[in-house]
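Since chain A is already given, all that's left is putting chain B on it; use the hints.
Chains as they are written, first to last, in our numbering: chain A, 618 to 1104; chain B, 2 to 226.
Simulated from the structure, these hints should not be mistaken for lab results.
All C-beta atoms in this analysis are idealised placements derived from N, C-alpha and C, irrespective of residue type, glycine included.
Treat the hints with care, as some may be off.
[What the hints assert, rightly or not] Not the full set, but computed from the structure, chain B residues with beta-carbon under 8 Å of chain A:
| id | residue |
| --- | --- |
| 1 | G33 |
| 2 | G41 |
| 3 | Q61 |
| 4 | L64 |
| 5 | G67 |
| 6 | D68 |
| 7 | T72 |
| 8 | R74 |
| 9 | L80 |
| 10 | D102 |
| 11 | S104 |
| 12 | G133 |
| 13 | S158 |
| 14 | P160 |
| 15 | D167 |
| 16 | H169 |
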Amino acid sequence: MAQRGEAHPDDIPAVLAVEGHHGPVVHAVNRAARLLGITPHERIVDMRSLCPHLRVEYGDLAGDLRLMDKLVLWSRRWGPWSVRDGAHSLIVDATGVPHLFGGEVALLADIEAQMARLGLTARPAMAPTWGGAWALARYGTARAIADERTIANMLGALPVNALRLDGACVQLLNRLGLKTIRDIAAIPRLSLARRFNRAALAANPLVRLDQAMGRLAEPVSSEDAPEPVRAIVRLPEPIQDPTNYIAGSCEEVCRQLAKRAQGCRTLHLTVFRTDGEVASVSAATSQPSRDPAHLARLFEGKLEQIDPGFGFDLITLNADGIEGLGAFQTGLDCTQESGLTLPHLIDRLSARFGAKAVSRPVAFESHIPERAERKVAALNSAPMGETAFRERPIRILHRPEEIRVIYAVPEGPPAQFIWRRQTLKVLRYNGPERIAPEWWHDLPGTRLRDYYKVEDSQGRRFWLYREGHHEDGRGGDPRWFLHGMFA
Amino acid sequence: MSRIVQFPRSHTLRQTAQVPVFVEFSDVFLSGLSDAGSIGFLLAQFAEADKAILWAGDRQSFLEDGDLYMTSRMKPGFLHCTLPRAHDVLQAMEDGLGSSDLSAVVGEVWGEPNELTFTATKRLALRAEARGIPCVLIRHNAKPNLSAARNRFRIASLPSASNPDDPHAPGDPRWRVELFKSRSQAPGTWIVQHDRTADRLDFTPLASDGSVGADHGAAGRGTPG
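In isolation and in its complexed conformation, chain B is listed as follows:
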């Protein structure tokens, strides 16, 4: 981290007590095209899930940004749906939220289709609340306009941590996770590092002026797996 460490302000201290998690219905916006960082963050968050995950996406998302590739992280009970239209994705997600055997429902939609109205997001939000499992809608190539999502994230890849074995090689992945609107959690921005040897996510809060919070070392959240 090359940024200058400043003294934390009072509200930053309060925020460090918690880290953003995917609860209820969240939508995720990507910073640029073909940035797979959000997927890594999502999968790391759901690593401890004990039931199946339904992952539905429209064909355009998988064509443009590539299909999910699970060879190095095979998990039993991973359901993958490739569907032609955004409308089908929303329907599959609703079906998934009607199931009691899932631990998370993830959808991917490309662009801003007409079917993705406020009503459609509200339906997902209500169903996710009724079922009590996280539901995430990944929006490729879209602007964060009106939505009933309870948590709204913007996730971007950051240059990775230094690799202890090879200074020229990328190390553990790091992401900039911004929770810009939330009903149940305090909004904020974090630098998240995926410690792959221990398989845990380290959250470092960023103050609103872009400075790094002081106690970034302590604000870790383990993802035992």
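Next comes chain A alone, as it looks inside the complex:
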């Protein structure tokens, strides 16, 4: 794939440079420069002597990689599985896909056309093996398509460089007079195996040849992934708003799930934008579901998060977190209970306000009050834990707030203190309850707390604590905090 050609005239020689060991070197060239004999990996100063008016720009390698990574995702419009291969090529596993585009030729033409829309020059090629596609894309004819019968013939004419070998190995083979892949294929396997039996993969022509010819498996995906559950909507024109297609896609996904007696926990809605970006939103459920109306409602209010750019012409809805879900009978009569069930309510609230906003309190084994209760997202099921037996306040402040003691007494809580600019008078109190720091968790030097339940003149009941005590060697005078309120 060539660099993005942005309004740079093709007849002026230009190169992209990167820093080498001895000054800048050529990273990529345009057509005019290539015709002048400028090749990559040469030093810029040498090339300037060849062509004094050479235009040099610095290349952005990290940016190129970022772009490629985005393209890898975007190219999943042509197949379910894609991966970046090297710095400027990508592999799409399009097994069983071409008929959706009207055949293999049309698929490659579509790839070229879509890439050209992004200002990228693509050289697509299709082969039964990764190695074959690699070779044909670089050294074959334009839009080469090989199948199992023709691949040996088509690869045979290509130079040995097309076998993904490193430079030293290619040089060695050339010295031996082996110029094309056909030459290597003609050599008895035993001789090749003996000669290269300890060579690494990139320097082993026999392994590379077997990979290219399909005699040695080189899977694109290592694990045997189950058939994905997804609904695809191809649009004739780019649109900006996917709302009208959500219900249909959900029905399609649910139909596929119903066929397999499964339900999904997560849905990813992905739109493929015409400008090469991919945007997606997700929705999750607390229990596996395949109710299309329920799943479609989870996207309510979320579609605004999608940045449509100049529009998108492909929408996919992927179901994830697939679990078994058998058919069940709701009741003996045909009446259905009106209203949402609790899992559906949790899903809807979580979809609308975020999974973190909807939680369940879960008790945790800790003496420190702020650690004794955790809020677990309601989407995840968690055991409730044991109820504490000590008296605990009904509300607790996020952070204990320091109070100003006006009238301290030697034993017990202060008789008068200021909290949030109001003066409170303690009439009755209960305590102390001493809570020591958890040495396995807290920093050394953490002071213990003496908690008091106090009641003020109006009848409000607070939970105060004194942090540390006098002369505990962990700081100065102890400070007082207000931590919670009792009913």
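Just chain B now, with coordinates in the frame of chain A:
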């Protein structure tokens, strides 16, 4: 109780037959800042609920008056929502009232946000009636202005009952519960004591002049739990 017991008047007698409960849509106003008494009264009222409770509140309420702390009263099926704005709280409450698996919906709103209009409260009231479960909106730092709430409460903490074990320690919590407007119940004021050993609420009606009704001992309502 230090108040002088007077002879009950006729309408006080009639009121003692019933105690205020949260039915349909109610709103609750707190007497002062950071008074958690109303929460205790609410949770005690809902102690016998067998289904889940949805408790939604805006961030400001939980920041100012503290988060709910359930370690000593863990209950299965307690759903807690912390939401950024009052508008979200109202929406979550409406969603909750659309569910058939809840036994109560509670919301907390700080101040007097613009979204909390008469229409918004009317929506909640109608939905709560249609679903037939109690819906309570706790209003922190707010004045009781126009609302479609069927019952309107004002709840304040009172000095607690004496502690039999320790005279200097606070005992069972007591609250002053005022039902100042209601469509289905007789308005009135009660002193409510939460008997924590028996886990029941004891209601003592207050006459309109602030005196305690005579038969406060008999007007108890059990909350078996």
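Hints and how they fare:
Below 8 Å, beta-carbon pairs count as interface contacts, and G33(B) has one with chain A at about 7 Å; its hint therefore holds. Because the smallest distance between the Cβ of G41(B) and any Cβ of chain A comes to about 2 Å, under 8 Å, the interface hint for this residue holds. Evaluation of the Q61(B) hint against chain A yields a violated restraint, the C-beta minimum of about 12 Å exceeding 8 Å. The interface hint given for L64(B) is met, as the beta carbon of that residue sits about 6 Å from the closest beta carbon of chain A, less than 8 Å.
A cut of 8 Å between beta carbons decides the hint on G67(B): the least distance to chain A is about 4 Å, and the hint holds. The interface hint given for D68(B) holds, since its Cβ lies 6 Å from the closest Cβ of chain A, which is under the 8 Å cut-off. Checking T72(B) against chain A by beta carbon gives a least distance of about 4 Å; that is within 8 Å, so the hint holds. Against a cut-off of 8 Å between C-beta atoms, the interface hint on R74(B) holds, since the closest Cβ of chain A lies about 7 Å away.
Look at L80(B): its Cβ gets to within about 6 Å of chain A, closer than 8 Å, so that hint holds up. Because the beta carbon of D102(B) sits about 4 Å from the nearest beta carbon in chain A, less than 8 Å, this interface hint is met. For S104(B), the interface hint is violated, the least distance from its beta-carbon to any beta-carbon of chain A being 11 Å, above 8 Å. Checking G133(B) against chain A: minimum C-beta separation of about 11 Å lies over 8 Å; hint violated.
The beta carbon of S158(B) is positioned within 8 Å of a beta carbon in chain A (closest approach about 4 Å), and the interface hint is therefore held. Restraint check, P160(B) versus chain A: the minimum CB separation of about 4 Å is within 8 Å; hint holds. With a least beta-carbon distance of about 7 Å to chain A, the hint placing D167(B) at the interface is held under the 8 Å criterion. Restraint check, H169(B) versus chain A: the minimum CB separation of about 6 Å is within 8 Å; hint holds.
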